[in-house]
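S.K.: What follows is each chain in one-letter form.
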Amino acid sequence: MKTLNLMNLPRWIGSIGVAVMTATGAAEPPAMRDAATHQQLVEGMRQAKQNDPMKNLPLSKVADPLVANPRRSLLAESDVISFGGLATLIPKRAILQIPKNFSQRLKLEDGVRLVNWLEFYATNRGWITTVEISREQAEGTVALPVETRKMMSKCRNLVVATYLAGPISLLPAKEPPAKEPNTKPSTPAL
Amino acid sequence: MKSYLCVIAAALCVLPRAAADVVPVYTNYLRQYQTPTGVVWASNDTVAATGTQQSSLAINPGGARFDLWTIKASPYTEYLLDTKYVSTYTPAATVVITSEDPYALEDPDHPSAHPLIPRTRADRPFYVKVTVAGLSVDPAYPPASKSVNLCRYVQSYGVGGTGIGIDRTQATLLSQAAIATTVPQTLTYALTSVPGADRTKVRGEERFSVFTLLDATTTPSTPASQLASQYIQIWPVADGAVTGITQGQVIRNAMPQLTLTLHDLYPYSTTYAQVYKGSPQLGTAGAVVPGSNLVVSDTVPANSVLLVSNYDAVLPTDGVWTIEILTTTPFGTDRLAYLSFTLDRTIEMNGSFTTIE
Numbered sequence: 005m006k007t008l009n010l011m012n013l014p015r016w017i018g019s020i021g022v023a024v025m026t027a028t029g030a031a032e033p034p035a036m037r038d039a040a041t042h043q044q045l046v047e048g049m050r051q052a053k054q055n056d057p058m059k060n061l062p063l064s065k066v067a068d069p070l071v072a073n074p075r076r077s078l079l080a081e082s083d084v085i086s087f088g089g090l091a092t093l094i095p096k097r098a099i100l101q102i103p104k105n106f107s108q109r110l111k112l113e114d115g116v117r118l119v120n121w122l123e124f125y126a127t128n129r130g131w132i133t134t135v136e137i138s139r140e141q142a143e144g145t146v147a148l149p150v151e152t153r154k155m156m157s158k159c160r161n162l163v164v165a166t167y168l169a170g171p172i173s174l175l176p177a178k179e180p181p182a183k184e185p186n187t188k189p190s191t192p193a194l
Numbered sequence: 003m004k005s006y007l008c009v010i011a012a013a014l015c016v017l018p019r020a021a022a023d024v025v026p027v028y029t030n031y032l033r034q035y036q037t038p039t040g041v042v043w044a045s046n047d048t049v050a051a052t053g054t055q056q057s058s059l060a061i062n063p064g065g066a067r068f069d070l071w072t073i074k075a076s077p078y079t080e081y082l083l084d085t086k087y088v089s090t091y092t093p094a095a096t097v098v099i100t101s102e103d104p105y106a107l108e109d110p111d112h113p114s115a116h117p118l119i120p121r122t123r124a125d126r127p128f129y130v131k132v133t134v135a136g137l138s139v140d141p142a143y144p145p146a147s148k149s150v151n152l153c154r155y156v157q158s159y160g161v162g163g164t165g166i167g168i169d170r171t172q173a174t175l176l177s178q179a180a181i182a183t184t185v186p187q188t189l190t191y192a193l194t195s196v197p198g199a200d201r202t203k204v205r206g207e208e209r210f211s212v213f214t215l216l217d218a219t220t221t222p223s224t225p226a227s228q229l230a231s232q233y234i235q236i237w238p239v240a241d242g243a244v245t246g247i248t249q250g251q252v253i254r255n256a257m258p259q260l261t262l263t264l265h266d267l268y269p270y271s272t273t274y275a276q277v278y279k280g281s282p283q284l285g286t287a288g289a290v291v292p293g294s295n296l297v298v299s300d301t302v303p304a305n306s307v308l309l310v311s312n313y314d315a316v317l318p319t320d321g322v323w324t325i326e327i328l329t330t331t332p333f334g335t336d337r338l339a340y341l342s343f344t345l346d347r348t349i350e351m352n353g354s355f356t357t358i359e
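Chains A and B, in that order, give the protein sequences. Note that our numbering has the first sequence beginning at 5, numbered continuously upward. Note that our numbering has the second sequence beginning at 3, numbered continuously upward.
Check before you lean on any hint, since a few could be wrong.
[Unchecked claim] 27 angstroms max Cα-Cα, derived DSSO-like pairs, lysine-lysine: (1) Lys131/B / Lys53/A; (2) Lys96/A / Lys148/B; (3) Lys59/A / Lys96/A; (4) Lys74/B / Lys65/A; (5) Lys74/B / Lys96/A; (6) Lys59/A / Lys131/B; (7) Lys65/A / Lys148/B; (8) Lys74/B / Lys53/A; (9) Lys59/A / Lys148/B; (10) Lys96/A / Lys178/A.
[To be verified] Across the chosen pairs, the derived CB separations fall in these ranges: (11) Glu81/A / Gln172/B: 34 to 40 angstroms; (12) Gln55/B / Pro74/A: 25 to 31 angstroms; (13) Gln56/B / Ser157/A: 35 to 41 angstroms; (14) Trp131/A / Ala218/B: 42 to 48 angstroms; (15) Pro222/B / Gly115/A: 39 to 45 angstroms; (16) Gln172/B / Lys104/A: 37 to 43 angstroms; (17) Pro74/A / Ser58/B: 46 to 52 angstroms; (18) Gly115/A / Gln55/B: 37 to 43 angstroms; (19) Thr127/A / Pro222/B: 56 to 62 angstroms; (20) Thr145/A / Gln55/B: 44 to 50 angstroms; (21) Pro103/A / Pro222/B: 30 to 36 angstroms; (22) Ser157/A / Pro197/B: 54 to 60 angstroms.
[As the list claims (entries may be wrong)] Far from chain B, by Cβ distances over 10 angstroms, these chain A residues were calculated: (23) Arg76; (24) Asn105; (25) Ser107; (26) Leu112; (27) Arg117; (28) Val119; (29) Val146; (30) Val150.
These aren't lab readings, by the way, just hints derived from the structure by calculation. We treat Cβ as the ideally placed atom computed from N, Cα and C, and that holds for glycine.
So here's chain A without its partners, still in its complex pose (with noise of 0.2 angstroms):
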């Protein structure tokens, strides 16, 4: 395999960009070439298609990893609080309740600045309340205590879940595998 000794290519390179600067009079005569033409850059491309480098590696085939990694956006995947003047971003399902006389700041509007979760939660307690819960939690293989859903019920703040004070998905309850047939199913936990 074709291989570079990259690490003189700095100095090598340095050297050129020094003389770039310095060509604009003409006082030293410039080595130069006419600029590059379509058929020249045709026949390079042929050969270097020839001299493809990854044809050196073993082949892969296995499918396009692209296609499983769909477009992601930040914006699209998370919920907006919003709220004199300052937004921030958290993951989805991290708002567990949302009091109707709040749904209005769940917006991004022009004009206001967005601030990490640590800086809006600072100056929006009063409205904001946390439910810190474990990952097992998040991960909806352990339901939230009793406690927190009875918490939950009576509070009119909006209720976000953290791990460690940063927002956090909490996924759906994992139902448990039924035992017998007849088993009465048990009630979904939040």
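Position chain B relative to chain A; hints supplied.
M.R.: Only chain B this time, still in chain A's reference frame:
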């Protein structure tokens, strides 16, 4: 439980340049996506432009993908700066692309907090170094721990495009290879394969990404995830034309006004017109035509039209002269256009006289 050191390196300065009179405001976000569960966690900490910190959310028993985003205000525009997948047994990988343009090279003694996007020109080579570490040799481990997938993507920016706002998931997969060794792979590409009918005018990017293999041993299976990725921007070859003088023209008076029409000047280049006495001869050093010098130091190519006049001083004598447009870039000096003309400003008087006695 295993935690993982998450490295944050926000390449904020590589973002598209905003209008000169508006200072853009960016807010950074770091998201941790647990696999295969799909739990998403936003760290409580402020995400600075650079720095490192350890994630507090353990990634065991699956893995986690870390996405580094920044959002520009007014209007809100999001940029995915970087993404990395880590897990207990998946390998680690790095991709470094270099070219003859030192723009993105870092001084090892003074590494930049704001790495730049490597770039080159449609007629110049570039080099890709892929390094994989942490490959397992244990037969009990899944295939995803023993090999990775290197993918080469190309994507055109289109005519006049700069890459701003393109959907990179629409890139074309050109080739892929399996890497099951920790020996660094250096790939040399003499020319780009970014699609384009006129090969001198292609503009786009080539991306080299290392992905994990799909891991079917987890429930649900863990899809192929990106371990490392880098792209290089490819900019077109410049072209230029001189108007105001025609090839072979004889000029008997003051020099006419010239128009230098320049297209696709490389983002770091100096372009100028020079004149020298004699017929066109590549490599001849001449006198720079006053008012023709144009320096470009930008992130994208530039177009320009220069009007040049009052340059008789660089043409002191009569005879055949050549004018050339030259552009000097990190790749050397290229002649974009040239023509020759004849200067004949000597007034010859023909007369006779007679005498009468």
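S.K.: If a hint holds in the structure, say so; if it does not, say that too.
M.R.: Hints versus structure:
A hinted pair counts as satisfied when its Cα atoms are at most 27 angstroms apart, and Lys131/B with Lys53/A qualifies at roughly 19 angstroms. The straight-line distance between the Cα atoms of Lys96/A and Lys148/B is roughly 34 angstroms, outside the 27 angstroms bound, and the hint therefore fails. Between Lys59/A and Lys96/A, the direct Cα distance comes to roughly 43 angstroms. Violation of the 27 angstroms bound is thereby established for this hinted pair. For the given pair, Lys74/B sits about 39 angstroms from Lys65/A by alpha-carbon distance, which is inconsistent with the 27 angstroms threshold.
A threshold of 27 angstroms between alpha carbons decides the hint, and for Lys74/B with Lys96/A the separation of about 21 angstroms falls inside it, so the pair holds. Pair hint Lys59/A plus Lys131/B holds up; C-alpha atoms about 15 angstroms apart against a cutoff of 27 angstroms. Pair hint Lys65/A plus Lys148/B holds up; C-alpha atoms about 16 angstroms apart against a cutoff of 27 angstroms. For the suggested pair Lys74/B and Lys53/A, the alpha carbons sit about 40 angstroms apart, so the restraint of at most 27 angstroms is broken.
Only pairs whose Cα atoms come within 27 angstroms are accepted, and Lys59/A paired with Lys148/B is accepted, the gap being roughly 20 angstroms. For a cut-off of 27 angstroms, the pair hint linking Lys96/A to Lys178/A stands: about 18 angstroms separates their Cα positions. Hint check: Glu81/A to Gln172/B, Cβ distance near 19 angstroms, so the stated range 34 to 40 angstroms is violated. Taking the beta carbon of each, Gln55/B and Pro74/A are about 29 angstroms apart, inside 25 to 31 angstroms as hinted.
A hinted range of 35 to 41 angstroms for the beta carbons of Gln56/B and Ser157/A is consistent with their spacing of about 37 angstroms. Checked against the given bound of 42 to 48 angstroms, the beta carbons of Trp131/A and Ala218/B, roughly 46 angstroms apart, stay inside it. One distance hint, 39 to 45 angstroms for the beta-carbon pair Pro222/B and Gly115/A, holds here, with the actual separation near 42 angstroms. Range check, Gln172/B to Lys104/A: Cβ separation about 41 angstroms, and the 37 to 43 angstroms hint holds.
Between Pro74/A and Ser58/B the CB atoms are about 28 angstroms apart, so this pair departs from the stated range of 46 to 52 angstroms. Taking 37 to 43 angstroms as the suggested C-beta distance range, the pair Gly115/A and Gln55/B does not conform, at roughly 31 angstroms. Take Thr127/A and Pro222/B: their Cβ atoms lie about 40 angstroms apart, and the range 56 to 62 angstroms is violated. In this structure the hint that Thr145/A and Gln55/B lie 44 to 50 angstroms apart at CB is violated, the actual value being about 27 angstroms.
Evaluation of the 30 to 36 angstroms hint for Pro103/A and Pro222/B yields a pass: the beta carbon distance comes to about 35 angstroms. A hinted range of 54 to 60 angstroms for the beta carbons of Ser157/A and Pro197/B is consistent with their spacing of about 59 angstroms. A beta-carbon of chain B comes within 10 angstroms of the beta-carbon of Arg76/A; the shortest separation is about 6 angstroms. Non-interface call for Asn105/A relative to chain B: holds, since the shortest CB-CB distance, roughly 25 angstroms, exceeds 10 angstroms.
Listed as outside the interface, Ser107/A is consistent with that label: its C-beta sits roughly 21 angstroms from the nearest C-beta of chain B, beyond the 10 angstroms cut-off. With a least beta-carbon separation of about 7 angstroms from chain B, Leu112/A fails to lie farther than 10 angstroms from that chain, contradicting its non-interface assignment. Residue placement check: Arg117/A does not keep its beta carbon more than 10 angstroms from all beta carbons of chain B (closest about 7 angstroms). For Val119/A, the non-interface assignment is contradicted: its Cβ lies about 7 angstroms from the closest Cβ of chain B, within the 10 angstroms cut-off.
The non-interface label for Val146/A is consistent with chain B: the shortest C-beta to C-beta separation is roughly 12 angstroms, beyond 10 angstroms. Taking the minimum C-beta to C-beta distance to chain B, about 22 angstroms, the non-interface status of Val150/A holds against the 10 angstroms cut.
Hints 2, 3, 4, 8, 11, 17, 18, 19, 20, 23, 26, 27 and 28 from the list above are not met by this structure, while the remaining hints are.
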